[in-house]
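Q: Single-letter residue listing:
There are 2 protein chains.
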Amino acid sequence: MAPLKNKTVSFVGLGLMGGALAMGLRKQEPDKICAFDINEEVLEEALTTGVIDCGVSTPEGIREILGISDLVVLCLYPRAALAFMEDYMADFKEKAVITDITGVKTLLVEGLADKLRPDLDMIYGHPMAGSEKEGFGKADDGIFKDRNYILVPQPQNRPENLTWIKEIVKGLGFNNIVETTAKIHDQKIAFTSQLCHVIAGALVDSEEDLHITDYEGGSFGDLTRIAMINAPMWSELFICNKEALVEQIEKFEDSMAQMKAKIIAEDRKGLEEMLENIRHKRIVMEVDRQNKLNRESKS
Amino acid sequence: MAPLKNKTVSFVGLGLMGGALAMGLRKQEPDKICAFDINEEVLEEALTTGVIDCGVSTPEGIREILGISDLVVLCLYPRAALAFMEDYMADFKEKAVITDITGVKTLLVEGLADKLRPDLDMIYGHPMAGSEKEGFGKADDGIFKDRNYILVPQPQNRPENLTWIKEIVKGLGFNNIVETTAKIHDQKIAFTSQLCHVIAGALVDSEEDLHITDYEGGSFGDLTRIAMINAPMWSELFICNKEALVEQIEKFEDSMAQMKAKIIAEDRKGLEEMLENIRHKRIVMEVDRQNKLNRESKS
Chain E
180 MAPLKNKTVS FVGLGLMGGA LAMGLRKQEP DKICAFDINE EVLEEALTTG
230 VIDCGVSTPE GIREILGISD LVVLCLYPRA ALAFMEDYMA DFKEKAVITD
280 ITGVKTLLVE GLADKLRPDL DMIYGHPMAG SEKEGFGKAD DGIFKDRNYI
330 LVPQPQNRPE NLTWIKEIVK GLGFNNIVET TAKIHDQKIA FTSQLCHVIA
380 GALVDSEEDL HITDYEGGSF GDLTRIAMIN APMWSELFIC NKEALVEQIE
430 KFEDSMAQMK AKIIAEDRKG LEEMLENIRH KRIVMEVDRQ NKLNRESKS
Chain P
180 MAPLKNKTVS FVGLGLMGGA LAMGLRKQEP DKICAFDINE EVLEEALTTG
230 VIDCGVSTPE GIREILGISD LVVLCLYPRA ALAFMEDYMA DFKEKAVITD
280 ITGVKTLLVE GLADKLRPDL DMIYGHPMAG SEKEGFGKAD DGIFKDRNYI
330 LVPQPQNRPE NLTWIKEIVK GLGFNNIVET TAKIHDQKIA FTSQLCHVIA
380 GALVDSEEDL HITDYEGGSF GDLTRIAMIN APMWSELFIC NKEALVEQIE
430 KFEDSMAQMK AKIIAEDRKG LEEMLENIRH KRIVMEVDRQ NKLNRESKS
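Each protein sequence line maps, in turn, to chains E and P. Count along the first sequence from 1, then add 179; that gives the number in my numbering. Count along the second sequence from 1, then add 179; that gives the number in my numbering.
Possibly wrong hints are sitting among the right ones.
Claimed, not checked - Across the chosen pairs, the derived CB separations fall in these ranges:
id, chain 1, residue 1, chain 2, residue 2, range
1, E, 247, P, 456, 40 to 46 Å
2, P, 459, E, 289, 31 to 37 Å
3, E, 452, P, 449, 38 to 44 Å
Please keep in mind that the hints were generated in silico from the structure rather than gathered at the bench. Cβ atoms here follow ideal geometry from the backbone N, Cα and C, with glycine treated the same way.
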């Protein structure tokens, strides 16, 4: 499978995710991979290691690579992605397909709704993989194996381009492609991703003892690994998805308050029932995931 | 190193932890390993697989194995451990060493303070390892490698017995033995273990979508694996350590409320600062742990 044969792909932003995607796409044998990044050392490293074929760091360079690219992958923070599209709208190759990986979708979908050049096809996507690490130096396309990829198709997307993007995504190792709306995406992600990062952060914040790992048996490590957070990016994601995130935080706070009340009341029976229900629900969620993995690996 | 040579060891309770400890202790070549469990199938399996040499399931059986045991390992829930000690105090071999693995310490230490037979040496311990799995069938002594082991020594403990227990613990694979008081143990564990389980549970409780894993990228899985909880055991642990746990829950709630307020206010600068501090603190905590691992592996 080489869906990128004879195609030129450009990455806008070559950080942890852009870098990992470029590494993965290389295996689909594109004609050429170009990249824009403001960090010239990153471009140098990506050229040396053969991840990209050409690197640019200036507006002129951007225009040059956009003009020849069949596929452009935006790997920027949400607001920068929107600004980039507005600034360089005229510079894309005719009928180019553009995709993004931003962690919130409403901002971008609504922001571009009546601004997109009619010949361009913007296919919004979100690879559900990552790492607490940062930057091109830590990029590794192994993180995509067996992960979810969310697509947010728009009525104007050309079916053949959607199919093409899905083929590329599967080639990267993702095994479950989910299609949904921007609004649902942002609600779900507020829970699975942003709320989890808020919790991990609050947990670390609430402990003063820097030697606390002397007393840990694994749980604290598992719950707080993602607290080693890219602060500017997550601040932007949290604020861009404020409404959905605050709603999820408050649901979580309610569940926690219920459990706390049962502990304070020493309501052992109530607590056991609640924990038993939670255990059951979590197992059902796990089984749902495993079933999808098995179904995909057979198909 | 065979600190158990010519010794008889008995386990009271042969679940996930008792089973794993018995497997590990076998490698230290004791003369004999006995076990009490109410589940006869478990005893049968442990006998067949060679993890134990004799199994008993009745009070008479308990008295028999206690009478010949140099070391007794209590692997029961906290209240059951206390009740067991009270019920069988007269039946231990003279000068036996007893240890436990219960997740809260004040209850047991205070409960036994003026009840322990003077010739017995009770050395309170807590192996900081476990699994979301349950029962002897899932037991595996590999879970102890490079983990913490907390000891709560008492003034009356005999130094040679403390040294002996430490030697046995190191032989099991634990690489960091921490000594502290019952009160500090319970405070620290309220944070590293119980609070983490409350959070994981509340997170699962707060989500209705049973197909939510379609939208997850790893964080939700990492944060909620421990929500597949042994409900009776954790209910007891939460309630037995109520004061320390509620204090930790409230500290966590405060940190979360601060973060939520910054998100609502769209205070990007404040949020970035908070997340940057959290990131730094978590890295320091990680480095502290790694330094200990390195120090131990060199010694």
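Q: So which of the earlier hints does this model not fit?
A: none
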